[in-house]
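Enquirer: Chain order of the listed sequences is A and B.
Numbering of the first sequence is given in the working numbering, commencing with residue 1 and proceeding in unit increments.
Numbering of the second sequence is given in the working numbering, commencing with residue 393 and proceeding in unit increments.
In short, the hints are calculated from the structure, not lab data.
If you're wondering where the values come from, they're calculated on a predicted model, not measured in any experiment.
Each hint should be verified, as a subset may be incorrect.
What the hints assert, rightly or not - Covered stretches of chain B (chain A as the covering partner; in silico rule of three or more C-beta atoms under 8 Å from a C-beta of chain A):
1) 434-447
2) 589-597
3) 602-611
4) 619-625
5) 684-693
6) 752-758
Glycine is no exception: its CB is placed at the ideal position from the N, C-alpha and C atoms.
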Amino acid sequence: MTADARPSRTALTNDPRVRGFVYQALLVAALAALIAMGWRNAVENMQARGIPMGFGFWDQTAGFNINQTLIGYSALSTYGRAFWVGLLNTLMVGAISIALATPLGFAVGVARLSPNWILSRLALVYVELMRNTPLLLQLVFWYNAVLKALPGPRQSVSLGGLVLLNNRGLYLPRPQFGSGALIVAAALLLAVAIAFALAAWARRRQEATGLRAPVSPVAALAVVGLPALAYFAAGEPISLSYAHLAGFNLAGGLQLYPEFAALVFGLVTYTAGFIAEIVRAGVLAVSHGQSEAAMALGLRPSLTMRLVVIPQAMRLIIPPLTSQYLNIVKNSSLAVFIGYPDLVLIFAGTVLNQTHAAIQVMAITMAVYLAISLGVAFALNLFNARSALKER
Amino acid sequence: MSVSQPAAVAYVRLAPEPALPPPLLARGAIAWARANLFSSPLSSAVTLALLALTAWTLPQLFAWATTRAVWSAPDGALCRAHQDGACWAFIAQKFDYLRYGSYPVAERWRVDVVEIVGAALIAWLLWPGAPRRGLAAALFFLGFPVLGFVLLRGVASLGLPVVDTLLWGGLFVSLLTALVGIVFSLPLGVLLALGRRSSLPIVRAASVVFIEFVRGVPFIAVLYMANNMLPLFLPAGWEPDRFVPPLVGTVLFAAAYMAEEVRGGLQTLDRGQYEGAMALGFGYWTMMRLVVLPQALTRVIPGLVNNVIGLFKDTTLVAVVGMTDFLAAMDNAFKDTAWSGPTILETGYVFAGLFYFVFCYGMSRYSSAMERRLAVGRRR
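With the hints as extra help, turn the sequences into a complete structure.
Expert: Written out as structure tokens, the structure reads:
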């Protein structure tokens, strides 16, 4: 139906389409005016203060040092290099924290559901403590009151001789790869491939015949046994180097700086509290009839959990879990407060203060976080489309 | 057929014997323990291990906080001598600083008044069943910000000397940041949520872009952006107060999260509600104000309160742009060389943790109580 075909009873000012058009035109005009004004002011202000307009600073020498880098960097490197150092540090903290927070969160969530009263109460206390105090407070507590208060290297706290802890950081054994280590890696890859193939075959067979195969023990045997065989066959190419006292400091081992250790520990314990609640809510949301039906079919409690409850709970768990993963990446910017050189501290902090190129630097920083968020959101939508209930 | 009285035979019982109590193992504390603590060998082992752990740590914690603690001392020397107890003397000594920052002592009553009025208004607003909650909302969202500005900053012509924000600090700055965040972000969030559900494509696109942009970046980056970029976009010569950029950043950040919460409430609303309102001849804003928003907002009160908890925890981050909130005031207090020592750090952080915990846990209790209350009305 076109506008002409309608009886022209309504006044033009009352036609919803006309009004909608006018409202949107006004909104566009207001936004455009705001942006134009802001842009003009920004250009004037930047010229008045001598702030560079373009991205020329990217290739200039940074002139500051960074104590924890994954790629080569020195004070002579460029601001662009500093950006990559910060980005990689952010991604590394995010990845390690996610990898550790997930099992911890699932464990606490399962403990919350445990029939053992004292275990579920303690899990509840943990969850409430973590969720109801600010992450920043927890981070500065771990950093200032715990890690910085540790004794010096000569009085390191030793955890079984393998891990040393002192006020310069956490020392783990560092694996050292000799020639032939590649064979072990190849064996590991092969074993993982075998495990996946086995799982696929078992799933097909179960769907066709209803018979279950003992996949997990066989897969575990392959994943542990094959690399072990390769390790001894290749003449033990991998060894561990332990930290030991040499003079006033520790030598050898893998040193994790206290800033890094505090940040990861704080992020992991904090986020695990949220993940635990997500897991608990997901499992509780699976209707009781589902597990009753599974039991009526004769499945044991552990199989009921694995085959009926968990697959359905995962559909509810994964979306909020993903947003917790994004929160970890975003919260890693709290590194600013304890001095871990992440993207925000290096780039939005030091680089911005040295170059004064506020708009460019902030635009790049925001773009990085947005790219991560939107990328994960896209992947999540794919997952949701795949796991949505197939209804008739 | 004759009904005959049974002969009084010694071994036939005429009255039923009272039921025996259930066996001791089926009820009471023992049965409860068997079901909840020792249901299986594994469960028993876990129970014993956890009991041992609590029996070992709790008394230590208690002694640290009370019997071994230093309750009053002129400076940190006594606390440094008592390495295994809390140093509450430090909190007592620094309490006024933690509460008001460097706000002039003679003017601190103004902070107290604002806090009391704010607390009273919030209690009025949150009490389900309190009379005239609409009036409370109007006072809280319109009158209270004006009162707060006049009293906290001061208006010289009213006889209230202006207090520079450089002197503001401590607990009241944390509360102020959270309150400004709530008061301005909630209406803005409602507008954004309506915009996102609007049928006008440009309005919808603008709302989506704003919400997704803000939710995709960390709060610290928003604060940095507000602090470094906002002054550049203002005309030359406009120098906003140093509190304004971080507060603007807080409001915009919180608004995006509020908007998503409100949108969730709008989505649960039945289509018939809109159709009914339109059939009555309501225009868009009348429909939203009288029919849609009252229902949608009530449904998401628990979610909104959870957002407020998050906002309150996030106020600790404003320290990154130079505002002295409660936690930053605590950090400043640690810098006093007369009060330095490991137990003082621990005590300070534990005290700050208790403070945040009491606020946030209280709010989350309120939120879940509201959730149960709302569930009663909607249960079929």
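Enquirer: Taking beta carbons only, do three or more residues of the region 619-625 of chain B come closer than 8 Å to chain A?
Expert: Satisfied; 5 residues make the cut.
Enquirer: With a Cβ-Cβ cutoff of 8 Å, does the region 434-447 of chain B contain at least three residues near chain A?
Expert: Since three or more residues must qualify, the claim that chain A covers the region 434-447 of chain B holds, with 6 doing so at under 8 Å.
Enquirer: Test coverage of the region 602-611 of chain B by chain A using CB-CB distances below 8 Å; three residues minimum.
Expert: holds (count 7)
Enquirer: Against chain A, does the region 752-758 of chain B show at least 3 residues with beta-carbon separation below 8 Å?
Expert: With 3 residues close enough to chain A, the hint holds.
Enquirer: For the region 684-693 of chain B, do three or more residues have a beta carbon lying closer than 8 Å to a beta carbon of chain A?
Expert: violated (count 0)
Enquirer: Would you say the region 589-597 of chain B counts as covered by chain A, given the rule of at least 3 residues with C-beta under 8 Å?
Expert: holds (count 5)
In summary, the structure is inconsistent with hint 5 from the numbered list given earlier, while agreeing with all the others.
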